[in-house]
Amino acid sequence: MKTRIVLLLGFVLSALVVSASAQDQKATDPSAELTALVARIQAKIRAGKTAAELAPEAADFAALRAKSGGQDPELAAKIAYLEYTFQLDVLKDRRAAMELRKELETKHRKYLAGTSLGREFEMQKRSEQARAAQADLVGQPAPELNFIWSSREGLTRLSALRGKVVVLDFWATWCGPCVATFPQIRELAEHYKDADVIVLGVTSLQGYVAGLTPPRIDTKGDAQKEFAATSEFIKAKQMTWPVVFTDERVFNPHYSVTGIPHMAIIAPDGTVRHNGLHPGMPHADKLQKIDQILMEFGKTKSARTSGE
Amino acid sequence: MKPILALVFGVSLASTAWSQSIPLAELVGPNNLIRDPVYGVSVTYPAGWQVRGASRWGKNNKENTIFFQPIWPLESRPSLYYQPTSNFDRPAPGQEEAHFRFTAGTKAASRVQAGLSDYKNLEDTFTFTQINGRPAFRYVASFTQNGKEQFEYFTRVLGEQVMVMFFIMGPVAERETIRREIDQMSATVQVP
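Protein chains in written order, with the working numbering: chain Z, 337 to 644; chain C, 818 to 1009.
Warning: the hint list may mix true and false statements.
[Claimed, not checked] Heads up, simulated PhoX-like pairs for lysine-lysine below, C-alpha to C-alpha not over 25 Å straight-line:
no., chain 1, residue 1, chain 2, residue 2
1, Z, K556, C, K965
2, Z, K500, Z, K461
3, C, K965, Z, K443
4, Z, K385, C, K965
[To be verified] Beta-carbon label-pair distances, calculated as ranges:
no., chain 1, residue 1, chain 2, residue 2, range
5, C, P847, Z, Q560, 54 to 62 Å
6, Z, R488, C, L939, 32 to 40 Å
7, C, P854, Z, R488, 44 to 52 Å
8, C, G964, Z, S495, 35 to 43 Å
9, Z, P392, C, A990, 25 to 33 Å
10, Z, K461, C, N878, 31 to 39 Å
11, C, K937, Z, D532, 52 to 60 Å
For the record, the hints were derived by calculation from the structure and aren't laboratory data. The beta carbon of each residue, even a glycine, is placed where N, CA and C say it ideally should be.
Please take these sequences and the hints and turn them into a complete structure.
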């Protein structure tokens, strides 16, 4: 009997020791701690707790990040990233989030692939590259554009407009932000109607036309149908400036068009003077840029800016 | 931004000249209850979620989208879309499942056309059911983006006057978690 009790006690004790040691390991495992911390925060959010009531979890996050620093770098990046989103999305503490972002951008950047921040970094990178490419084009001869359709008869290529200031506005019917700037473009075209300035809406075949009735007219594989529907769109949206379809994509790689609307200004000598502008920029800034080119080439300035 | 991204994610919708934001005070009541006084649609969103915004846009300015942020730290961003059935040909009684299957097919085709070349509906997830007395259809689609496996989950509910659709895209690792939350939410929807 005694032996049985001793054996039983021994079994219970060893089980307790094993269990305690598993708990110790769990408590010191940053991955398990992170899971527990996230669950704790979620429970508090669901219970409607305020940012102030989440202060202990913010402290726990900072402690966990500090502790994980020298260990598994992927886990350290994950902890830092979750803490960043916690500060930004839950606590709405932008300053703290930006501090963490600096750390993520430097120390953990390569571990961020697939996260929203990683995607944001990639987009930023592409955007910076595009801006650099857009700037590189300034002062260079304007890449030729060949027109497969024009609302103005006889206009077949960009170089035919040599001698004028050409304002290119890259757009598409489905692009809401493009359509939103039409009033400003209309104003610009009207302002320079008697000057050597031409505003040109540049688009390309999209396979459908948006913004009419029905709201999506399928034109895939039928260029003539798309031209006809675009003519209707031009009338409906009161596009008083000429519109052309180019044989290249509206996201024209030669002008580094990575998003539309996208505006470029070409001088009468055919060189690009500005690229990557937004047509919604202040009217006065557009006039200043165009008037400066007109003055340089001895052309008549617009009536309003010359005080006529 | 590439046009496909704008099309697929509706990113531009909230900011287009054709859209009109709906003040959240008009929609969101206590206890996470949303009720649109114009269309009579109501739904309760899960605890811990936030409403990021709402817009009226599209055909006759009668298409509506409410944007949600689910509980932290999920990256998937669900939306609730609804429009009056007068905006399209409402299927005759008994034809709802065929209609849902057809629209699932056209949605997939539009996603492929928009650049998600491996987008496909997972037909074994097609579920024709009823939600609060209205015919409903749930299914999952899969695709990859930037080399990462993604999912899209739809729940459509067809009322007499209004059609409602819950939809969400996100990393596949979040799929089952968010699906449970969407199912919980869609079970509360009332569609006139």
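Taking the hints in turn, this is what the structure says about them:
no.: 1; hint: Z/K556 <-> C/K965; result: violated, 30 Å
no.: 2; hint: Z/K500 <-> Z/K461; result: violated, 35 Å
no.: 3; hint: C/K965 <-> Z/K443; result: holds, 23 Å
no.: 4; hint: Z/K385 <-> C/K965; result: violated, 34 Å
no.: 5; hint: C/P847 <-> Z/Q560: 54 to 62 Å; result: holds, 56 Å
no.: 6; hint: Z/R488 <-> C/L939: 32 to 40 Å; result: violated, 50 Å
no.: 7; hint: C/P854 <-> Z/R488: 44 to 52 Å; result: holds, 48 Å
no.: 8; hint: C/G964 <-> Z/S495: 35 to 43 Å; result: holds, 41 Å
no.: 9; hint: Z/P392 <-> C/A990: 25 to 33 Å; result: holds, 28 Å
no.: 10; hint: Z/K461 <-> C/N878: 31 to 39 Å; result: holds, 37 Å
no.: 11; hint: C/K937 <-> Z/D532: 52 to 60 Å; result: holds, 54 Å
The earlier numbered hints that this structure contradicts are 1, 2, 4 and 6.
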